[in-house]
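Letter by letter, the chains look like this.
Number of protein chains: 2
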Amino acid sequence: MRALDFKVPGFLFSGVSVGIKKDGKRDLGLIYSEVPARIAGLFTTNTVKAAPVQLNLKRIKGGLCQAVVVNSGNANACTGAQGLRDAERISSWVARGLGVGDELVFAASTGVIGISLPMRKIERRVSELVESLSPEGWMKTVESIMTTDTFPKVEVATCRIKGKQVKLCGMVKGAGMIRPDLATMLSFLVTDANFEARVLQRMLKTAAEESYNRITVDGENSTNDTVLLLANGKAGHPSSNRMGRDAGVFQSMLSEVCQNLAKSVVKDGEGATKFIELLVRGARDREDAKQAAYCVAHSPLVKTAFFGEDANWGRILCALGHSGAQINPNRIDVFFDNVPVVKGGVGTGPQLEQRAGKVLKRESFKVTIDLHKGKSQFSVFTTDLSIDYVKINASYRS
Amino acid sequence: MRALDFKVPGFLFSGVSVGIKKDGKRDLGLIYSEVPARIAGLFTTNTVKAAPVQLNLKRIKGGLCQAVVVNSGNANACTGAQGLRDAERISSWVARGLGVGDELVFAASTGVIGISLPMRKIERRVSELVESLSPEGWMKTVESIMTTDTFPKVEVATCRIKGKQVKLCGMVKGAGMIRPDLATMLSFLVTDANFEARVLQRMLKTAAEESYNRITVDGENSTNDTVLLLANGKAGHPSSNRMGRDAGVFQSMLSEVCQNLAKSVVKDGEGATKFIELLVRGARDREDAKQAAYCVAHSPLVKTAFFGEDANWGRILCALGHSGAQINPNRIDVFFDNVPVVKGGVGTGPQLEQRAGKVLKRESFKVTIDLHKGKSQFSVFTTDLSIDYVKINASYRS
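Protein chains in written order, with this note's numbering: chain A, 1112 to 1509; chain B, 1112 to 1509.
Bear in mind the hints are in silico, worked out from the structure with no lab data behind them.
Errors might be hidden in some of the hints.
Simulated pairs of lysine-lysine, DSS-like, Cα-Cα distance not exceeding 30 Å [unchecked claim]:
hint: 1; chain 1: B; residue 1: 1374; chain 2: A; residue 2: 1454
hint: 2; chain 1: A; residue 1: 1502; chain 2: B; residue 2: 1374
hint: 3; chain 1: A; residue 1: 1133; chain 2: B; residue 2: 1454
hint: 4; chain 1: A; residue 1: 1502; chain 2: B; residue 2: 1232
hint: 5; chain 1: A; residue 1: 1454; chain 2: B; residue 2: 1132
hint: 6; chain 1: B; residue 1: 1484; chain 2: A; residue 2: 1169
hint: 7; chain 1: A; residue 1: 1132; chain 2: B; residue 2: 1472
hint: 8; chain 1: B; residue 1: 1502; chain 2: A; residue 2: 1502
Sequences and hints are given; from them, build the entire structure.
Next up, the structure:
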């Protein structure tokens, strides 16, 4: 069931333009919970972590959060000790404006790496950011986290727990630097559900495993990847500190919302013209399936062939061959949707290849690779590699 | 010292057009040694090996070779048992035409994967291929191995061993599917030097380690990669079955020729507009240096920034952060040629970045990354990722 609005009881949102982005669009956003919310978070596995990520990693130990301040246009990454001080100062301005403790304010940034934040520009607008908070401000916050995204990516869902309606709203920004282990640069989820932080964290991890950790655009892993889930408990159902039936109901909703958000990130991948589900099955074990799937999904030759709508399945076999996964080249089958293009490692002939070519003309299709080595499988969502990807990334900073 | 012609005593060359390539250019080549030559070879590490590679892997055990037949336009890969039979039949036709044993004929193919060779077309022209062999035919063979290459890549060198002049000629085709572990799809080297096969193999391996295994265009590892070194002993210096001073002289020449050939492959990388040497130094160990270097060299975001001549060093740090190499983000230095753009993990400011931007406008430059973690280093040669790379690979088969 889908609700039509992005209001969640007890949460307020805002977004303003402070001039970090050159085009004058919103670039500073705020999410505020009237009461301290339980928080769960997932962060980039990149060794190079942006300043706001470092800040959040400390604060999340407290398990509570009352505000998230986020900017786009500047990643505040590779900015040294100054960067960390800047992130702390911004969260402190927001904390003062809201009248909450510093340690309850989380931060997130996305944009260019290596340039210090324009602190004066930000300081001047913090009061406006706080004062314009509104239950209806959701889309303004969403706009303020977008960079090369071509459309806002939002999801909303409801469920019932012990007779109470529970709502969940999620936003994500993505587009570039998308890959496993937090493909999404930034995703924020707010809900009025009532769960302990430990349970929330476990549910978020499960949801991410099947969503944000399954998508890849270009194999890059950002310095800023952040997913935060805030739950303020206002729905009023009894709290729970373990995974029971109630948590199961919420988990389903959370997983579905995260999957939809993750897929929308791939669909809006930089320059993407195709949305591809890539399933490797019949693998010896899950690790092999994953390795094979990502190696094919990251192959520039496979991706450019998809862009060219060319059923060049040889490139898929070639990528499998150097993926490190255990394969027998003479036993591999490949399907484009339901059209077999490879059987036992060789092509199925021009007629089927022509039919496969028609599948590639679709905007969205599924590539299934059967290794016939075992019973494990893994699927990823990915895109083609287009001329526009190069154009966007060659001129990103100019 | 560079000689001007591509004649090597005792070797004959030819190249004809049999219609595998659609454009009517030469696509079948032959290298012939009047006497059985000692042979050394290196082949793809891809699990999916093309039929001619499988054939060569068997025959090289004999240590001798008298002919190499090579075609472009069709890789004879992923063609199953039929593909292996085809490779055997072609080598057998050539063996009969030359009056030598089948086991002395090696084969190589490059081109589209997954389509059976047009055997009739080839059979009809084998006699012409054999009859047109000539000491001056070198460039015809070179043409017949080119695919998306925009220029022929050849090297020639001489040295003196025990008072005898020794000559070495090398050719390579590359362009796409270039990466470590035999970046070169096909490279053939012929010499009149006199060394045992075991010594030759060791020298070839050493030379490849510093040349073909150091270059990367797009991280792909082909099904067909083949490097063959034929030595017929006609120079007349005493043979040697171990690495002595004579072998050292030859090794230097071989390494230099292979390095020049490898660099020319990168320069002619598909759509490449930049030639980049990427050095990682100060690494904990060589493996870390290698891992870091390749992760940066394969990053699409780094490569598109180079194409856009954008000194976006943040992307380099980001790539290092997810390379798996041991790094301390706060101790990394980065130089573009001799311009420091990052010191201790942070940018050196707009002035130096502007100077770095000018370095990127050059056709060829060096990126040095100092991890300050140890004393090991590794360098690779790579290219940018351009709009033309995508165009070439989206339409390769059409």
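Review point. Which numbered conditions among the earlier hints are violated in the structure presented, ordered from lowest to highest?
Key: Violated hints: 1, 4; rest satisfied.
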